[in-house]
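Dock chains B and C with the ligands against chain A, hints included.
Quick mapping for you: the protein sequence lines, in order, are chains A, B and C. All letters in the first sequence, in the order written, are residues 1 to 590 by our numbering. All letters in the second sequence, in the order written, are residues 1 to 196 by our numbering. All letters in the third sequence, in the order written, are residues 1 to 282 by our numbering.
Since the hints were derived computationally from the structure, they do not count as laboratory data. There are no misleading hints in this set.
Far from chain A by the CB rule (all over 12 Å, computed), these chain C residues:
(1) Thr135
(2) Gly154
(3) Leu186
(4) Val194
(5) Lys196
(6) Arg199
(7) Glu265
(8) Tyr271
(9) Glu273
Just so you have them, the derived chain B footprint on chain A, three or more residues with Cβ under 8 Å:
(10) 197–210
(11) 223–237
(12) 245–257
(13) 274–283
Covered by chain C, according to a simulated footprint, are these stretches of chain A (three or more residues, beta-carbon under 8 Å):
(14) 340–350
(15) 481–491
Glycine included, every Cβ here is placed at the ideal spot set by N, Cα and C.
Chain residues, written in single-letter form:
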Amino acid sequence: MATAHVLEHTHTAGSFLGRYIFSQDHKVIGIQYFLTAMVMALVAGFLAIMMRLQLAFPNETWPLLEKLFPLGMEGGVMKPEFYLSLVTMHGTLMVFFVISFALVSGFGNFLIPLQIGARDMAYPFLNMLSYWTIVPACLLMIASFFVEGGAAAAGWTAYPPLSAVQNAVPGSGWGQTLWLLAMALFIVSFTMGGLNYVATILTHRTQGMSMMRLPLTIWTMFIAAILALLAFPALTAAAIMLLFDRHFGTSFFLPSGLYIGEQVLPHQGGTPLLWQHLFWFLGHPEVYVLLLPALGLTLDIIPAFTRKPVFGYRVTVTSLLVIAVLSLIVWGHHMFVSGMNPYLGEFFSIGTLLITLPSAAIGLNLIASLWGGSVRLTTPMLFALGVIALFGTGGLGGIFLGNAVSDVYLHDSYFVVGHFHFMIGGVTLFGIFAGTYYWFPKMFGRMMSERLGKIHFWLSLASFYGMFLGMHFLGLAGAPRRYYSFTQFSFLEPVVSLQLIVTISSFVFAAAQVIFLLNFFYSLKKGSKADKNPWNATTLEWTADSPPPHGNWNGEVPRVYRWPYEYSLPDAPQDFTPQTTPPAEAKVTM
Amino acid sequence: MNQHSAVRRDLGGLEFSREQAAFRSTIGIWMFLTTVTMLFAAFTSSYIIRRASADWQEIVPPPILWLNTLVLIGSSSSLVLAQRGLRRSHAVSFRTYLVLSCLLGIGFLIGQIVCWVQLSRQGIFLPTNPHSSFFYILTGLHGLHLLGGVMALVYGTMKTWSADSVRMDHLFRVSSIYWHFMAGLWLYILFVLFVL
Amino acid sequence: MEEAQRTVGRQSVTGMLLALVMAAVPLVAILYATHTRLPFVASQHGSGIDSMINYTLITVGVVFIVAHLIFAYFIWRFSRQDRVTSRLASTKAEWRWTLIPVIVMILIAEGGVLVIGMPVWRELYGTAESDNVVTVEVTAEQFAWNVRYPGKDGIFGQTAPARIELPVNPLGVDPTDPNANDDLYLGPELKLPVNKPARILLRSKDVLHSFFLPHQRIKQDAVPGMVIEVRFVPTEIGEFEIACTELCGLGHYKMRGVLTVMPQEEFHRWYTESTDLYFPGE
Ligand code: HEM
Ligand SMILES: [Cu+2]
Ligand SMILES: [Cu+2]
Chain A
1 MATAHVLEHT HTAGSFLGRY IFSQDHKVIG IQYFLTAMVM ALVAGFLAIM
51 MRLQLAFPNE TWPLLEKLFP LGMEGGVMKP EFYLSLVTMH GTLMVFFVIS
101 FALVSGFGNF LIPLQIGARD MAYPFLNMLS YWTIVPACLL MIASFFVEGG
151 AAAAGWTAYP PLSAVQNAVP GSGWGQTLWL LAMALFIVSF TMGGLNYVAT
201 ILTHRTQGMS MMRLPLTIWT MFIAAILALL AFPALTAAAI MLLFDRHFGT
251 SFFLPSGLYI GEQVLPHQGG TPLLWQHLFW FLGHPEVYVL LLPALGLTLD
301 IIPAFTRKPV FGYRVTVTSL LVIAVLSLIV WGHHMFVSGM NPYLGEFFSI
351 GTLLITLPSA AIGLNLIASL WGGSVRLTTP MLFALGVIAL FGTGGLGGIF
401 LGNAVSDVYL HDSYFVVGHF HFMIGGVTLF GIFAGTYYWF PKMFGRMMSE
451 RLGKIHFWLS LASFYGMFLG MHFLGLAGAP RRYYSFTQFS FLEPVVSLQL
501 IVTISSFVFA AAQVIFLLNF FYSLKKGSKA DKNPWNATTL EWTADSPPPH
551 GNWNGEVPRV YRWPYEYSLP DAPQDFTPQT TPPAEAKVTM
Chain B
1 MNQHSAVRRD LGGLEFSREQ AAFRSTIGIW MFLTTVTMLF AAFTSSYIIR
51 RASADWQEIV PPPILWLNTL VLIGSSSSLV LAQRGLRRSH AVSFRTYLVL
101 SCLLGIGFLI GQIVCWVQLS RQGIFLPTNP HSSFFYILTG LHGLHLLGGV
151 MALVYGTMKT WSADSVRMDH LFRVSSIYWH FMAGLWLYIL FVLFVL
Chain C
1 MEEAQRTVGR QSVTGMLLAL VMAAVPLVAI LYATHTRLPF VASQHGSGID
51 SMINYTLITV GVVFIVAHLI FAYFIWRFSR QDRVTSRLAS TKAEWRWTLI
101 PVIVMILIAE GGVLVIGMPV WRELYGTAES DNVVTVEVTA EQFAWNVRYP
151 GKDGIFGQTA PARIELPVNP LGVDPTDPNA NDDLYLGPEL KLPVNKPARI
201 LLRSKDVLHS FFLPHQRIKQ DAVPGMVIEV RFVPTEIGEF EIACTELCGL
251 GHYKMRGVLT VMPQEEFHRW YTESTDLYFP GE
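Just chain A, with the same shape it has in the complex:
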């Protein structure tokens, strides 16, 4: 077994194709995911900007956009159904094809073997397969904009009957089918990835790397992978049944007597609520699959720039585990007003609010990690601090929504949109940026520009609040989500004027991301050379070359003697003591 493993490696490492395209090296695969996420982020971000244009200027015409989307923007005017395709595809792409890719698949693949002291993932071939499965998925998603009827338009949640009946909305034709197929490919790929993560973390840790010496990044990736493996099958089952309802005449989600398109449909006896249960059984854990790794990266970046250990490592690990377990039994908080049994509503409400306890504990640990430290405000640290701030606001917003009573008013309003953008949009994006500035030298052997990085940070932070803090208040005023315009109701009049602030902020945010892209590609070529350990950090990846060679370490895999947060150890020769420093040279904390 072992010999075969080596041979595969040395074989493929040779040619260009084997090295960069069909590579089985976890670092290359991680970077492939990362770059794919970047491309998909451009698409999904562009869709968001188009939505914002429509919401702030509902009566304008956009002849230029007509060239790109001749059907959806006929005469330069956005059609309502096209707006719905934009919402749906923006949400789907951002959640699954941007944040999941960059954070979980990108950083996960890149960092797991490096941080636990392994040569590669447990199943390198499966890893490559997992990447190449999502390539057609991305293409299908993008292609769906150009098929008849346009892209899927039933929201990223794809609730039937809207998503099940072809003529319920134009996007429910081919667009929805392609959406389902692409999601199926995504799930297959994510499952392969999850298996790899769990097996690698459990079996490939180097000597001395006990579970309680794992960096928190690894802990969060581990928990995220397990959650994904447990939760995604529910969506697989739901997607299979939806495809059968759509194309083969079954009635899982479609009740009797639907009257759509001036005719009664032949379906019988199905229950639309079943889809919602299955979808959210995945959907809620999925937000933790995205959120937790962002917190993990942040918790690993902070100590490098406070020069002290994180506060409450054990408490954090415990809280992460509690959150993971609870996240599997609270999906009903998305269904308080769905027609579900109201007693279940009480149960889900109490359960959901329980999650605030471990979440608040992590919040405290994040802030307390600054206490007594020597805070260095580099770009990665600024973004990490941004994560803390956004996590706080997003989490507090959740208290309104987890409470069934206030959710009666706030459900499906812009308050929800504001809340989840803070959590799965903000915490995750800022986490990705912090991680990129921090690990870029390890990935590419060069530093990113600090000056551009800081501009990127300040613009992103300010415009982020401009966009999404504002949306909370639109929601309090009653604005429903997924609305093509807010001009039809007089109770929404106060909302119309706020839209402009949000839209301008979104332009600023987009501009800031252009700076990031420039920085990224400029630094790739021209950044100053990075040495092995530019941040004087303690974790294992910093003992490898920048970038690490195939197999990660020349010579033997390092052995670990201590936990990953050994900063400012009294009597140690430096203010950081790498995990590889033997006890003889410096005292061991944990």
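For chains B and C with the ligands alone, coordinates are given in the frame of chain A:
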């Protein structure tokens, strides 16, 4: 250049003990079976919810289904015997039972197709009623999973004549865990469809 | 050394700036809050929902402000020192500190829902039967609301989707059913008497919709295949809007209805003398 040779020396040397590699494949297969379990759990809860509707009608499965069940149990038992042969380093009985197990597995799949054909001859199709929809989907999904298992077993059987024994051991252990699980899953599906 | 001092100096400016921004976030929120507010409340349980929201706004608001101030202080304070002054707390101390957020959240989140929330939830969904209710059927469709009253006999005529015929029979009511003769039909206009419990039977012809009365703090999905009962007591006279808050297709954003709450006698008069019959021909 030297880099790669360094890796090779290293990996070939201290990286993996046999136990570690075995541990890795065991973890992998059980994690995968966990997701399979969750998939069928999702279908089970959907089944229970859907059954509460007024239009529910039970279908009567063609008798060949029970024959298929026996075939699959036979295949699983035969694999146990092959395992025993392997443990006793009894090459002939190992191979014979292994081949028998593969054949019975393929037999089951063919039997399932016959079962579907018979059912559709009775006029019971996928959309006929919710019970038939679940019947086709659950047995179809199980069949797909089993097909993967058959391919692994056949591949493993062919390898018994060539690959080294350590590698063989792994492949065999992992695919037999999977195979027994599939047999168990089959009984579970029958339980859900016709007893529950 | 000098180099180190310069970096500390430079970054204490950044630290100061970030601390100021963080301290300003609650101010921005308060600024927004003074410009938007909930539509005024016009139902009995609505004031319960508002107390729930207000309790959360105030308690969460306090946490929001305090946490931002602490965070800002930490950033400002610790970006000015180039030496670590406190390295590691004991495990016990870490767990003890954890108690603070846990207790705060128990009080705010769980306490809120258990003490203030549950009674409102019961009021909204409890099965308190009373004879003195006005029963209305509201059927959602792409993209309109259909309001039907049972008429003087108090019984709705039976419906079946197969009998739907536009525009004469949009709900598929059985014309041979004697109970249908006095059914009233108002299209997208809902009329209710003030201070009297309303019982709304919510249905959908096609896809999911959600029946949203912003002023009455009512939001309930309409699910095809289900009849969902919504109960509330309107407390203000006037004209209000009905909106849809579950994505239902391209007209979702303009699925407008009107709720008119009238004095009880006026409603009674209209109800008994109305000529808005479902089958006006008969
Ligand atoms: C460039 C920054 C972004 C802007 C301007 C933006 C804007 C928007 C807007 C306007 C909507 C539609 C609201 C509605 O009509 O209901 C929306 C929905 C959504 N966004 Fe974003 N967004 C951004 C980034 C993100 C990110 C990073 C995520 C990551 C997860 C994300 C996830 C979602 C989701 C899940 C939806 C819901 C889609 C649905 O309702 O089906 N967004 N966003
Ligand atoms: Cu959730
Ligand atoms: Cu709607």
